[in-house]
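Full structure from sequences and hints, please.
Top to bottom, those sequences are chains A, B and C.
Taking our numbering, the leading residue of the first sequence gets -14, the next gets one more, and so forth.
Taking our numbering, the leading residue of the second sequence gets -14, the next gets one more, and so forth.
Taking our numbering, the leading residue of the third sequence gets -14, the next gets one more, and so forth.
I should point out that these hints are in silico values taken from the structure, not numbers from a laboratory.
Treat the hints with care, since some could be wrong.
Pairs involving identical chains hold if they fit within one copy or between any two copies, as the list cannot separate such chains.
When the alpha-carbon atoms are kept at most 25 Å apart in a straight line, the in silico SDA-like pairs for lysine to any residue are as follows [stated by the list, open to error]:
1) K70 <-> C55
2) K205 <-> N63
3) K77 <-> T112
4) K278 <-> G240
Being a predicted model, the structure only gives us computed values, none of them experimental.
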Amino acid sequence: MIALDLLARHIGIAYEGASLPIVALNTLKEAQGNELSFIVDAKHLQALKTTKAGAVIVTDAFIDAVPSGCEILRVASNPYLYMAKASYYFSKTPYESRRGAAKVDESSDIGENVFIAEGVRIAKACTVMPGCYIGADVTIGEGTVLHPNVSIYRDCYIGSGCIIHANTTIGCDGFGFAHTQTGEHVKIYQNGNVIIEDDVEIGSNCAIDRAVFGSTQIKKGAKLDNLIQVAHNCVIGEYSLLAAQVGLSGSSELGRNVVMGGQSATAGHLSIAPFTTLAARTGVTKNIEQSGKTFAGFPFMDHKQWLKLQGKLGRLLKS
Amino acid sequence: MIALDLLARHIGIAYEGASLPIVALNTLKEAQGNELSFIVDAKHLQALKTTKAGAVIVTDAFIDAVPSGCEILRVASNPYLYMAKASYYFSKTPYESRRGAAKVDESSDIGENVFIAEGVRIAKACTVMPGCYIGADVTIGEGTVLHPNVSIYRDCYIGSGCIIHANTTIGCDGFGFAHTQTGEHVKIYQNGNVIIEDDVEIGSNCAIDRAVFGSTQIKKGAKLDNLIQVAHNCVIGEYSLLAAQVGLSGSSELGRNVVMGGQSATAGHLSIAPFTTLAARTGVTKNIEQSGKTFAGFPFMDHKQWLKLQGKLGRLLKS
Amino acid sequence: MIALDLLARHIGIAYEGASLPIVALNTLKEAQGNELSFIVDAKHLQALKTTKAGAVIVTDAFIDAVPSGCEILRVASNPYLYMAKASYYFSKTPYESRRGAAKVDESSDIGENVFIAEGVRIAKACTVMPGCYIGADVTIGEGTVLHPNVSIYRDCYIGSGCIIHANTTIGCDGFGFAHTQTGEHVKIYQNGNVIIEDDVEIGSNCAIDRAVFGSTQIKKGAKLDNLIQVAHNCVIGEYSLLAAQVGLSGSSELGRNVVMGGQSATAGHLSIAPFTTLAARTGVTKNIEQSGKTFAGFPFMDHKQWLKLQGKLGRLLKS
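Structure follows, in structure tokens:
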């Protein structure tokens, strides 16, 4: 928690309004009265008009649309940069060296050289193999198996019956930066977490980023192969299957039973309908709205069209 | 070992036949009299007719081809799903917290925070750096170097003179699941191992899957760069060279001295002739039978053809 | 240090000249009087003529161009193979089990199960989380944060204010081999290091190779996402941004503020001008000399051209 006037001073915004206590940053849509939000793009104008945020960082372009009762942090330009600066004040320390007060069920088998931070809860019948790191306030459900050298950052939630293979990282920072006029990058602290539901299996050497706000989610029964990148704020639907070396950009939303072939990938901020199949190396560049279809290629297209295109290229080659 | 009638009951198959002791699952071709096999596809019909398996899971479509003396587990549909369920009963516990009775040569240098499970054998003059995990019954040959935080799952075999770089995982589970009618995935326990022959070097943050049955193999003198995916049951030939971020799908077989450029990949269940060269990003989609050739592209083609195609596309662009 | 005549004998070259003390291998251009160099290709002929190397491995093709005062190790063929053999004699042991005589500022928080080798220097206010490995003579600047299970090989340098995420490997061996006539690979020991400047952030499960000679460099303020491959002797310019699963081949040089999209990659030995933007999956195959441009595709082309090509292909498909 930080007082709004103090926060404004820290991040270099002149502010004469009320000294509201602020507990977090959030999107216009999700923010509550004790949270700070911001607007960068006119596409969020409607969300601004109806936001419940306690305060908002705005330029003059949007200032008239701020609802009454919402405090205004007015900036000349680049509100995203001020949001980045503010994010630091809501971040928790990434590491707490205390081991005190974790709650590990005695039926669970905790290997040697495992670090379990304060506030961790590990349910019955889990196996945590040597070299794992379990950050502060992580919850791990019944019967889950963590293979060696898995690293789980603070505040993440792993369900029951999950298997996480060796050297995988869960809850690392999403790749988010604001940029100064001189081309430097200011870190947007990633203050969300990762929620992995029951019966999920994740392969070796994967990287699952925590959300900037809210949660990156991997839903019940999804299965991920090795060396997969899941960026911040992705949602992977129930029973989805992701083959090795898949890369999901930020805020990709996969419906249930989506199948992604090896090395396939998504651009950010898009959604993929349930029961979609993506061939190996597919690069999804916009929303897939109709469920049950198969795609291939980059830019992606219907799989049959892609096969036809290869035939056409074969003929072009012979011409 | 489990009695066939008991196993049948566990996986939900009505069975009135003999109470045969079964020690493993295996393919029709490889199975012995104390092993259980299965048939999914007509392409394995010949293998069924000559199988030495003690018992087989079949639907009515193939039941007449089961050789005499081979017990029948008859299912209405989806034999693969029953095989998946059965695989659990042949799996070993992935982790044994006991350290007793490993055999480590006193000339080897074992770092701090290394976990060495029961049954491990480490030969002369090895270096095992801090944070490594060596699972039960792993064998490591003379002079091999394991860099920090390498994780080797149980039952794997590493030859002499190998170098494995940091944070690499060897012997993790292959990505194998059977699927229920309602779209859930049932794990096929990966009961094989990984065999790495002498003088192999593997880069950092690689994932080498164990076989579902039998062994994933990396043969003598092969060299792998960083961030490489080797799926279950692959065979990498002697002196092959795999550049960073290569991805091999399941049961890919590379002959000797195959060279794969960065980010190149294979589809599963195919073989690549010796002395084949694959340019960066090549995607191999079928067998390569003639040795000594160079390929590129996805779908892949002769490298010269690929260059010609790029020329044609350049002209198309200008047209 | 090894005497040149002794080294020649070890690697199988007849040499009757002076017994010069040699301390390292180096390129013709960089080598000093106490270093050994080599020439493989006529494109380095000019560098040979002006080299300050104390000695050089050459075939008869180049022997006349060796400057006076530079000792000659004459070989019939494959000087690169002899260089590889020689590299072994300049390599340091990758691991020293001694912990003595590190210099860790008492304000830094060093987690459990961290290995800190001899000669390490860790400045003020650092956080080194559990399971990290810090090799001999590594330097870490003020306020840097190492997340769990990061492995840093010996002799590397990390600046101030850096963040390195979990399971990342820094300073692992570059992928360098010479080849015998019978197709075996002889390791070129990677005797350089990695230098990471201030305010760099590197994601999870990345692999940053040490240089063969000299240093792999990541310059001030650069930000790398997860699962990235940086090969030996790369130089990443100030404030560059590399998205997940990017792969840089050996000796790629990026200017400042280069932006690389997900899964994009470079071929080796090329340079990319400052302020270049590469779309996701771009494959850079030659130098980019003009700054501030945007590229896409593989082989890469101007981004607008690439979009136009996709339009042409769309029309081809409909034709």
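Cross-check of the supplied hints:
For a Cα distance limit of 25 Å, the shortest separation of K70 from C55 inside one copy, 20 Å, qualifies, whereas the shortest one across copies, 57 Å, does not. In this assembly of identical chains, the alpha carbons of K205 and N63 lie at most 25 Å apart only when taken from different copies (23 Å versus 39 Å within one copy). Taking the shortest alpha-carbon separations for K77 and T112, only the inter-copy value of 14 Å comes in at or below 25 Å, while the best intra-copy value is 28 Å. Within a single copy, K278 and G240 get their C-alpha atoms as close as 12 Å, which meets the 25 Å cut-off; across copies the closest is 36 Å, which misses it.
Violated hints are absent here; each numbered hint is respected by the structure.
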